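So the protein lines, in turn, are chains A and B.
The opening residue of the first sequence carries number 1 in the numbering used here; numbering runs sequentially from there.
The opening residue of the second sequence carries number 1 in the numbering used here; numbering runs sequentially from there.
Do not take every clue at face value.
[Unchecked claim] Cut-off 20 Å, straight-line C-alpha distance, at most; resulting in silico cross-link-like pairs (EDC-like, lysine to aspartate or glutamate):
(1) A/Lys127 with A/Asp165
(2) A/Lys127 with A/Asp73
(3) B/Lys128 with B/Asp141
(4) B/Lys128 with B/Asp116
(5) B/Lys210 with A/Glu52
(6) B/Lys210 with A/Asp73
(7) A/Lys26 with B/Asp116
(8) A/Lys183 with A/Glu120
Read the hints as simulated data drawn from the structure, not as lab findings.
This one's a predicted model, so the numbers in the text were calculated from it and none came from an experiment.
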Amino acid sequence: MSMMQTQLSLGIGWRPELALTIDRRKDLGFVEITAENFPRGAVPPAIDRLRERGLAVIPHGNSLSLGGAEPIDRDRVRALADLARRVNAPFVSEHIAFVRAGGMEAGHLLPVPRTRAGLEATIENVKIARDLLAPLPLALENISTLFDWPNAEMSEADFVTEILDRTDSLLLLDIANVWANAKNLGGDPVELLRQLPLGRIAYCHVGGGEEHNGVYHDSHAAAVPEGVFELVTELCAITDPPGVMIERDDDFPPAAVIEAELDRLAQAVAEGARRREGAHVG
Amino acid sequence: MSILDLRGPEFLKLYAFLLLALVPAGILFRWLLSGPYDDHPSHQPELDPLEVAYLGGGGSAATEAAIASLVHDETLTVRGSHPRRLKIAGRLPNAITPLGNAVCASVALDDEQGIDRVRKGVADEAAKLERRLAEYQLVLDPMRRTVAHVVPIVLFIGLFILGVTKIGIGISRGRPFGYLLALTAVALAVLIYFACEVPHRTRRGTRFLKRLKSEHAALHSTAKTAPSQLPADDIALAYGLYGADVLSMGPLAKLQQAMRPRDSEGGGSSSCSSSSSSCGGSSSCGGGGSSCGGGAGCGGCGGGSS
Numbered sequence: 001m002s003m004m005q006t007q008l009s010l011g012i013g014w015r016p017e018l019a020l021t022i023d024r025r026k027d028l029g030f031v032e033i034t035a036e037n038f039p040r041g042a043v044p045p046a047i048d049r050l051r052e053r054g055l056a057v058i059p060h061g062n063s064l065s066l067g068g069a070e071p072i073d074r075d076r077v078r079a080l081a082d083l084a085r086r087v088n089a090p091f092v093s094e095h096i097a098f099v100r101a102g103g104m105e106a107g108h109l110l111p112v113p114r115t116r117a118g119l120e121a122t123i124e125n126v127k128i129a130r131d132l133l134a135p136l137p138l139a140l141e142n143i144s145t146l147f148d149w150p151n152a153e154m155s156e157a158d159f160v161t162e163i164l165d166r167t168d169s170l171l172l173l174d175i176a177n178v179w180a181n182a183k184n185l186g187g188d189p190v191e192l193l194r195q196l197p198l199g200r201i202a203y204c205h206v207g208g209g210e211e212h213n214g215v216y217h218d219s220h221a222a223a224v225p226e227g228v229f230e231l232v233t234e235l236c237a238i239t240d241p242p243g244v245m246i247e248r249d250d251d252f253p254p255a256a257v258i259e260a261e262l263d264r265l266a267q268a269v270a271e272g273a274r275r276r277e278g279a280h281v282g
Numbered sequence: 001m002s003i004l005d006l007r008g009p010e011f012l013k014l015y016a017f018l019l020l021a022l023v024p025a026g027i028l029f030r031w032l033l034s035g036p037y038d039d040h041p042s043h044q045p046e047l048d049p050l051e052v053a054y055l056g057g058g059g060s061a062a063t064e065a066a067i068a069s070l071v072h073d074e075t076l077t078v079r080g081s082h083p084r085r086l087k088i089a090g091r092l093p094n095a096i097t098p099l100g101n102a103v104c105a106s107v108a109l110d111d112e113q114g115i116d117r118v119r120k121g122v123a124d125e126a127a128k129l130e131r132r133l134a135e136y137q138l139v140l141d142p143m144r145r146t147v148a149h150v151v152p153i154v155l156f157i158g159l160f161i162l163g164v165t166k167i168g169i170g171i172s173r174g175r176p177f178g179y180l181l182a183l184t185a186v187a188l189a190v191l192i193y194f195a196c197e198v199p200h201r202t203r204r205g206t207r208f209l210k211r212l213k214s215e216h217a218a219l220h221s222t223a224k225t226a227p228s229q230l231p232a233d234d235i236a237l238a239y240g241l242y243g244a245d246v247l248s249m250g251p252l253a254k255l256q257q258a259m260r261p262r263d264s265e266g267g268g269s270s271s272c273s274s275s276s277s278s279c280g281g282s283s284s285c286g287g288g289g290s291s292c293g294g295g296a297g298c299g300g301c302g303g304g305s306s
């Protein structure tokens, strides 16, 4: 692995609705901004103010469609790179997913078929994006999904690992997505975590969601389930992720609720770190 | 020999020279009177939200900030469409400001009250906010404000009368006067500008206001997108700093069109407003601000989510 991970500590997804809460919270190390919300790099003064305070700002893309069968739109990658330069980002992040095909926009992040063909198409696109973004590193995120394509030729962990290894990319580990996939598709979330390339973690997402008709939706519009915080502790008992952050995209609660979630996240990280250090001493 | 006896081309040259010289002279005169500029911490007091609003745009802006916070608190409600009217809707908050109290008293005079009427009705109470700001030399004292306002106006009234008189002479002598008419029209436009731009803040005040806007940039973002999460004081502060731009959600949106838009940060003047019947008496400064991207990312149903 050629890249050094940046230490970020505690973070949150910057949304205008949360701007004041974020500004008043003094222990944050970074914020993530949704790249598509800032065309032509026009970030609001509130974000510049956070940068002046020393917080890292990480542009997070949703629309590159790196897992698509067709080549990616280079202009979208250049726009992401421009935004990253504008905010002096340590790296940018995107998803291992596709959002369009045959000229149709899905409106959602869709899982890539875990076949050799799907793998090669994704790697080809990631390499194009990586070269256009260079020297800025790219972190790739595991998504949550309500279904798996049939005839998968490898596990999700093997799929993610091979993409990251062959493109020398970082991992944006969405812990809530691991938890959600285990809940909806089956499997042990801790075991799924262990199989991922944890040494490549750039930072981690933690988001909330809600269950409807027995299916958990990772909507980022509800409280983070306790099980996700417990999984954060499990992760931190295994490794020391450079940064962890809360994602909240809708149905914004009062500031005190977001504050409490950040506190709980910090507590979960600290608890895991204590267990990890205890294990080393033992 | 009188200036008016000069031949046409000579008079035109002199008039153009005076016009070109007096514009920067008027601006410089106001600039010199709007000192001090220094930014020492001892000159940066803790202001309450209505004082900030007064600093931004004078008594009208402070009144509007008080109205915005009372609507946010559901003490007042906004009725009608054009013009918007205010009505008492709930109990007065316990910690109401004197200006807020005056606003409620003014609204309570009738079943519903127009916003312009409320502004005029509480003007004396709003003017009291100036005291501390003047103490810290953040706004001009009345004497300096009057001098800075009137002197450039007098100069341009003189220039305008000079032009009109010479045009009259040209007409009586059957001489061409088109170029002079154009220059006189320019003099009139500058005169109107100086009449409308009432000096308000000192340069120290303008600098202080700019710093406050930068410090509270996050408040601007949240007030625009999630005002319901903010207490009434923050709404008043957001309005005071960024103007009606922040009144875009919920019950506050009904207020947005009734409040006059702010101009850019500018040089600390109150200005004539196209949406206001008054000119010069009420102020409108500050504003600016910026929009920012929306919130939602890719929360997922169906397929996947980030």
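Here is how each hint holds up against the structure:
Straight-line distance between C-alpha atoms of A/Lys127 and A/Asp165 comes to about 11 Å, which keeps the hinted pair within the 20 Å bound. With a CA separation close to 13 Å, the supplied pair A/Lys127 and A/Asp73 stays within the 20 Å bound. Only pairs whose Cα atoms come within 20 Å are accepted, and B/Lys128 paired with B/Asp141 is accepted, the gap being roughly 13 Å. Note on B/Lys128 and B/Asp116: the hinted pairing holds, with a Cα-Cα distance of about 19 Å set against a maximum of 20 Å.
This hinted pair checks out: B/Lys210 and A/Glu52 have alpha carbons roughly 16 Å apart, not beyond 20 Å. The hinted pair formed by B/Lys210 and A/Asp73 fails the criterion: a straight-line CA distance of about 40 Å is larger than 20 Å. The hinted pair formed by A/Lys26 and B/Asp116 fails the criterion: a straight-line CA distance of about 42 Å is larger than 20 Å. Note on A/Lys183 and A/Glu120: the hinted pairing is violated, with a Cα-Cα distance of about 29 Å set against a maximum of 20 Å.
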